[in-house]
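Residue 12 is where the sequence shown starts when you use my numbering, and the numbers rise one by one after that.
Hint data in this document are derived by calculation from the structure and do not stem from the laboratory. In this text, all values refer to a predicted model and were calculated from it rather than measured experimentally. Watch out, some of these pointers could steer you wrong.
[Stated by the list, open to error] With a straight-line Cα cutoff of 20 Å, these simulated EDC-like cross-link-like pairs (lysine to aspartate or glutamate) come out:
(1) K64 with E181
(2) K110 with E139
(3) K178 with E158
(4) K94 with D115
(5) K78 with E139
(6) K178 with E58
(7) K161 with D146
(8) K94 with E156
(9) K78 with D146
(10) K169 with E96
(11) K64 with D81
(12) K78 with E58
(13) K161 with D81
(14) K64 with E156
(15) K196 with E158
(16) K196 with E104
(17) K161 with D128
(18) K169 with D81
(19) K161 with D127
(20) K169 with D192
(21) K178 with D127
(22) K169 with D128
(23) K78 with E65
(24) K110 with D81
(25) K94 with D128
(26) K78 with E104
(27) K78 with D127
(28) K178 with D146
(29) K78 with D115
(30) K169 with E181
(31) K78 with E181
(32) K110 with E96
(33) K110 with E158
(34) K64 with D192
(35) K161 with D115
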Amino acid sequence: MIQKWLPMLCAGMLMVACSKKEGDAAAPAEAAPAMTAEAPAAPAAAETLTVTKEIVLPIAPAALWAKVGDFNGLNTWHPAIAKSEIVSGTNNEVGAHRKLTLADGAVVVEELAARDDAGHSLAYTIVESPLPVTDYRSTLSVAAEGEGSKLTWSGTFKPAAGVEPAKATEIIGGIYQAGIDTLAKPAGG
């Protein structure tokens, strides 16, 4: 499944996810609707969706946090990220903005919203992105689990206009899973 989504992300899957469905015909021109006394219905608010991915790894929490807790280090362990750079603020300080360049050249800008080094967690929001979601907030945390660590990567978001909730959930879940799968490899990313 990851092999299906990661290449699509890197090759512009986001444009496909947000474009019209294959086979949709153009709507014929229609006359303007007659005036009515009723106000048009307000569009339904998109529901907030949640995706959570977890993995237990045979590595000490401090060592795993050193790898995944660097806000500007996502490119060192996520296969879809070609480059990460801090474009505003200071790395690992709340308010910092990182610019992620994907393998296909697409750009995502994220803001560090919270950070707790002692608790091994951070939260970030998307400022600018081609992803088909809005109101995105993600949390990455590391906790002791047996003789290793449990990494939890979760996010809440709303699907962008015209995007099915299942599609948005599948895309975000695929992004998280690709990073987790890389960390699970013997070399640890």
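Is K161 close enough to D146, meaning Cα to Cα at most 20 Å?
Answer violated: K161 to D146 is near 26 Å, above 20 Å.
K161 paired with D115 [C-alpha distance capped at 20 Å]
violated (31 Å)
Has the given pair, K78 with D127, been kept, meaning a C-alpha gap of at most 20 Å?
holds (15 Å)
Are the Cα atoms of K78 and E139 separated by 20 Å or less?
Not satisfied, since the Cα-Cα distance of roughly 25 Å exceeds 20 Å.
Is K196 within 20 Å of E104, Cα to Cα?
Not OK: K196 and E104 at ~29 Å, beyond 20 Å, violated.
Check whether the Cα positions of K110 and E96 lie no farther apart than 20 Å.
holds (5 Å)
Take a quick look at whether K78 and D115 sit within 20 Å of each other, Cα to Cα.
Roughly 24 Å separates the two Cα atoms, so the pair is violated.
K178 paired with E58 [C-alpha distance capped at 20 Å]
holds (13 Å)
Hinted pair, alpha-carbon criterion (20 Å max): K178, E158. Please report holds or violated.
violated (36 Å)
Tell me if the straight-line CA distance from K78 to E65 falls inside 20 Å.
holds (16 Å)
Does the alpha-carbon distance linking K161 and D127 stay inside the 20 Å limit?
holds (16 Å)
Need the status of pair K64, E156: alpha-carbon distance at most 20 Å?
Since the Cα atoms of K64 and E156 sit roughly 15 Å apart, the hinted pair holds (cutoff 20 Å).
Checked against the numbered hints given earlier, this structure breaks hints 3, 5, 7, 8, 9, 10, 12, 16, 18, 20, 21, 22, 25, 29, 31, 33 and 35; the rest are met.
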